[in-house]
Amino acid sequence: MRVFRLLIICAGLIGIWQAVVMITGVPYYILPGPGRVAIAFNENLGRLFSHGVITLIEILAGLFLGTILGAASALSMISFGSLRRWLLPVLVISQAIPVFALAPLLVLWLGYGMMSKIAMAILIIFFPVTAAFYDGLRRTDPDWIELAGIMNAKPFAVLRHIRIPAAMPAFASGVRVATAVAPIGAVVGEWVGSSEGLGFYMLHANARMQTDVMFAALALIAIMALVLYFSVDRLMTKIVFWQKE
Amino acid sequence: MNDSLSAPNICLENISFSFSGQVIFSSLDFEIEAGQWTCILGPSGCGKTTLLRLISGSLREGFSGRISFDGKERPSGTTALMAQKDLLLPWLTVTENILLGDRLRGSVSSIRREKAVDLISKAGLDGYAGAYPFSLSGGMRQRVALLRTLMEERPVILMDEPFSALDALTRMKLQDLAFNMVKGATVVLVTHDPFEALRLGHRIHILAGHPVRPVDARVPDSAPPRLPGEPGIDRLHAALLKQLNQEA
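Protein sequences, first through last, are from chains X and R.
Position one of the first sequence corresponds to residue 1 (our numbering), numbered consecutively onward.
Position one of the second sequence corresponds to residue 1 (our numbering), numbered consecutively onward.
To be clear, the hints were calculated from the coordinates, so they are not data collected in a lab.
Among these hints, one or two may not hold up.
[Claimed, not checked] Straight line, CA to CA, 27 Å or less: simulated DSS-like cross-link-like pairs of lysine-lysine:
hint, chain 1, residue 1, chain 2, residue 2
1, R, 183, R, 115
2, X, 154, R, 122
3, R, 85, X, 244
If we strip away everything but chain R, and leave its shape as in the complex, we get (with noise of 0.2 Å):
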């Protein structure tokens, strides 16, 4: 990660927010703990996505309240997000892609490109760097996706649903290879799968209500990434959904 700035813990304090007359958030208090991953679950349209927006500092206006990061305003550079869709540029190979946040600050050099190629060959996608992402496959695309967001070397990783579209054996081994590659900085993960969660989580949350409260979860003993067949992790798994449906 940066080295400038270390993994910081995420602050929300009485956050309002109101879209199209109805109440998404009204004085909504959230903590996300720096240097882990934190799960958030909840139904479609409670407001996930709005949650990572406000943080990412995407969402300006329309919101009242505080967030802060170690206590203090964001930093400019402090994020960086990878969403269901890859947004991989068509026109653009799999490096360029993976440089485009250099490109478009004007920075890219041979170090950074180095780096690059470096992280092509980390994700196992060597031999694809010149590649352009209509001729990769839905994983490979997510993969560079999660490559271009790692380039970023933001403090703050935003993930929303990033895994979703993927078939499930493609998923494990995307989940593995981010829990590996992001170590050490925050991770908001917004998902639709409480297995998901269960598998990377420190800490799970579950957003349900009118207007939406973070609810907290169980969480397994051990360390995440979590493997299918850990003890208490199926029951942990029907705990969950019970505990959203209940919330839903």
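Looking at chain X on its own, in the form it has when it is part of the complex (with noise of 0.2 Å):
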């Protein structure tokens, strides 16, 4: 059912794509067609494929680092007291710099290849992980912590049986934001400086006016996105099954 509305959604989207173009008659350069597009995607595959193949490393190194991060700083927050009042500025100030504006210092630091990428998606990922988790861990059923207290539990069995279960609702919905924010980091590191991945093919159709090569390149990404975020939110579903929907 969800799968049918999707693919309803998407041919709606792109049925006002092609009436938009047909009732302005703007030129293919400016708006293409969803045909135009769907040759230019079809003629590129190779190219197209490749590119994606960077770019989707990229997300997945991006997202899985970003993730690990995320959750190892949530826990040693809550695990240490002190800790937490020296990182809490740190992550909130590190919020109120706009992370785009930070992509060509590492793609200096980095250098053009993917590690500025992922440093960038790494950025963006770490911080929605981190709050949507430390907020869960923070936020355990006292009776829960009471209940394992009353059974002589140490600290560290009811944060490993007790709290971090019970913030893994939490922690799902960091890592779905997470994983939704994900591509942009890739895409604007490319944007920034690279020599390959789907966001250097999008500047590069551009200076050559292909708009409908772009718009294929533009496609390809929100495929990916899409297949990437209901592949993790399928994911975080059954890790979470307890939790009614």
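Since each chain sits alone in its own frame, please combine them into the complex, following the hints.
This is the structure we're talking about:
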């Protein structure tokens, strides 16, 4: 049902797009119609694929590392009160700086390769994961903690068996948000400076007025982001199986 | 019950406790008899749950006085708690929830697992060992909470209105099950329900007043668990309600 609804939404959007092109008579190098983009997609399939793989790797690596780092910082903040007092302001300050403004610096420091894009994705992902997971860890039902205390549980056992599982729904929300924003980090990183990836390919096509190719790359990014989001969403639903929809 | 620890009597002496500037207990003396069901009635907010938390050791600060078990300091691993909320962990199965204490202490063993399975069958939950709490009814969940409490094998069992959220029939069944399964332990049952106290209590105390004082209430001569139709119960029920009303 969900897939069916998604297909209808996509078909509707493509229909509106086609209608706009037909009614306004806008030139194809400003806004190509869906048909033209489909042809461009087909003609450049090989290049789209090879650049797409690069972007996908950057997104996945960023998502993976960003989630691990975010989870680790949330766990250390909940475990060590003194660390929390130092780390929390740093986190807030880090969010006050627009991450996109850092992109040129990251390219300067980490080079034109994948590393700067992965770092960019990590920077974007880190905060929503940390914030959501930390919040979940903090809001464990105090009655569970009291029960565990009467059962003579050590703090680490309480963290492992009660606090962390209890925070999983919040963690899952954080990871969902992270998954939605991860592609932004990778593509922005590619725009600032790179020699491969879909972001680079879009700039490359833009410079040659190949607007249809740009749209084809954009479509591929959207498809990748959607597939990734729904896969992660499914995985998270499985992990927090006890939570009702 | 635990072989090493027999059910102790519990003595609260000269207990004073204030919360947000309000005096809850002032020089309170209270004794709970070993191996019996002591029921505590009283209006909401009179400090019944606080009393349980003092006994369980959850409340460590902010009070003065002495709490002793058979005249000694509370030995570690003396009390188990069953609350109004079942407090089952939704990500653990029935068996895993029953073994929560062992899991937390890192002492799950095949012998303990067998014991859990045995308890599950005694409580009439056969077939639900691997089920998750969200698939159980309220009564079944509270039965699992009872088994988790029993699995701790503690000589003192503290119950904080564990049956109050259940319908009348389920409540009666669970009261009987609890009474029969915890035999031998010192039980302190906090309840809102005078009838429940009359069914289960060897002793009934009413907590009331500012600061709170325990007042004894009359208990039927027969041994608990008592049946609803037993002679004298209705009369005592009426008397108890009247007494509660006066104390409040």
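Taking the hints in turn, this is what the structure says about them:
1. Restraint check: the Cα-Cα separation between residue 183/R and residue 115/R comes to about 17 Å, which is no more than 27 Å; the hinted pair holds.
2. Straight-line distance between C-alpha atoms of residue 154/X and residue 122/R comes to about 31 Å, which puts the hinted pair past the 27 Å bound.
3. With a CA separation close to 19 Å, the supplied pair residue 85/R and residue 244/X stays within the 27 Å bound.
Hint 2 from the list above is the single one not met by this structure.
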